[in-house]
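2 protein chains.
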Amino acid sequence: MNDLVPVTVKGIYMMKTPLGPTPMVLLYNGDKVLPIYVGISEATSIESALNHEITPRPMTHDLFISLLDCFNAKIKWVLIDTLDDGIYYARLIIQTDDLKRELDARPSDCIALALRANADVFVRKKVITKAAIDKNEIEEITRMAL
Amino acid sequence: MNDLVPVTVKGIYMMKTPLGPTPMVLLYNGDKVLPIYVGISEATSIESALNHEITPRPMTHDLFISLLDCFNAKIKWVLIDTLDDGIYYARLIIQTDDLKRELDARPSDCIALALRANADVFVRKKVITKAAIDKNEIEEITRMAL
Numbered sequence: 001m002n003d004l005v006p007v008t009v010k011g012i013y014m015m016k017t018p019l020g021p022t023p024m025v026l027l028y029n030g031d032k033v034l035p036i037y038v039g040i041s042e043a044t045s046i047e048s049a050l051n052h053e054i055t056p057r058p059m060t061h062d063l064f065i066s067l068l069d070c071f072n073a074k075i076k077w078v079l080i081d082t083l084d085d086g087i088y089y090a091r092l093i094i095q096t097d098d099l100k101r102e103l104d105a106r107p108s109d110c111i112a113l114a115l116r117a118n119a120d121v122f123v124r125k126k127v128i129t130k131a132a133i134d135k136n137e138i139e140e141i142t143r144m145a146l
Numbered sequence: 001m002n003d004l005v006p007v008t009v010k011g012i013y014m015m016k017t018p019l020g021p022t023p024m025v026l027l028y029n030g031d032k033v034l035p036i037y038v039g040i041s042e043a044t045s046i047e048s049a050l051n052h053e054i055t056p057r058p059m060t061h062d063l064f065i066s067l068l069d070c071f072n073a074k075i076k077w078v079l080i081d082t083l084d085d086g087i088y089y090a091r092l093i094i095q096t097d098d099l100k101r102e103l104d105a106r107p108s109d110c111i112a113l114a115l116r117a118n119a120d121v122f123v124r125k126k127v128i129t130k131a132a133i134d135k136n137e138i139e140e141i142t143r144m145a146l
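Residue numbers (my numbering), protein chains in the order written: chain A, 1 to 146; chain B, 1 to 146.
By construction, these hints were calculated from the structure, which means they are not laboratory data. Please note that a few of the clues may not be correct.
Same chains, same label: a pair holds when it works inside one copy or across any pair of copies.
[Stated by the list, open to error] Capping the alpha-carbon separation at 27 Å, the derived lysine-lysine pairs in BS3-like fashion look like this: (1) K16 <-> K74; (2) K100 <-> K135; (3) K74 <-> K100; (4) K135 <-> K16; (5) K100 <-> K76; (6) K32 <-> K100; (7) K100 <-> K126; (8) K76 <-> K125; (9) K100 <-> K125; (10) K16 <-> K76; (11) K100 <-> K16; (12) K100 <-> K130; (13) K10 <-> K32; (14) K74 <-> K130.
Go ahead and model the full structure; you've got the sequences and the hints to work with.
Structure, rendered in structure tokens:
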């Protein structure tokens, strides 16, 4: 666990990119911030969880949590594990009394689910070293956000 | 089971609506068609499953299937159960050797998951009676689709 950095999910910002407005989730650890671009529906789901919104109908991540409940399973933590060629890879660690499993997942799904399950989000240190930027720098960027 | 109508998932069509282009999934039973508006990411996920595409990273519905696999659980079938005030309600029936559960879900999630699990999709007869339209009628509409 020594090379795992705990982060807090700050929020979603819509950023200008050459492909048009794209949502970005910010993960904070002290003065370091890891920005990750996410899909629009995952961004909506993350934002909804951050605001403790209960949607009239279950979103896909809510359904996932219902399925975990069926098996008395919990999300133990999630880990943003690797950054390779611009793509982040993450793992969802789930646990029951008898079983512990790691599932390959996208960071956006992991974050949306961790927020719903009050589970910790970790980022591997090498990913922070590679891609995190300074808090001041990101605050400048998000001030210019849409 | 007598009032459950089996349907096949025909595909996604982008329709013009007052709110802008909106994806619609078509469910066929003989000469009857049930059209259901769905979100853009659910539409993408349904289309991806219909085309047997393997995306480079697991989509949220793929992650759901991975979780089922962890527990040796299967999707037995899905049921579009009720239409109330313009909103469809559906149920996802999952089963293991020991357990059978029904989860409250949106039709779009149920369809995206059923296609991945090769599970049957049923619609309750009263929903077909209320909302299904004629095959000729929908074919006329989809000819005018975007």
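query = Which of the listed hints are not met by the structure?
reply = Failing hints, ascending: 1, 2, 6, 10, 11, 12 and 14.
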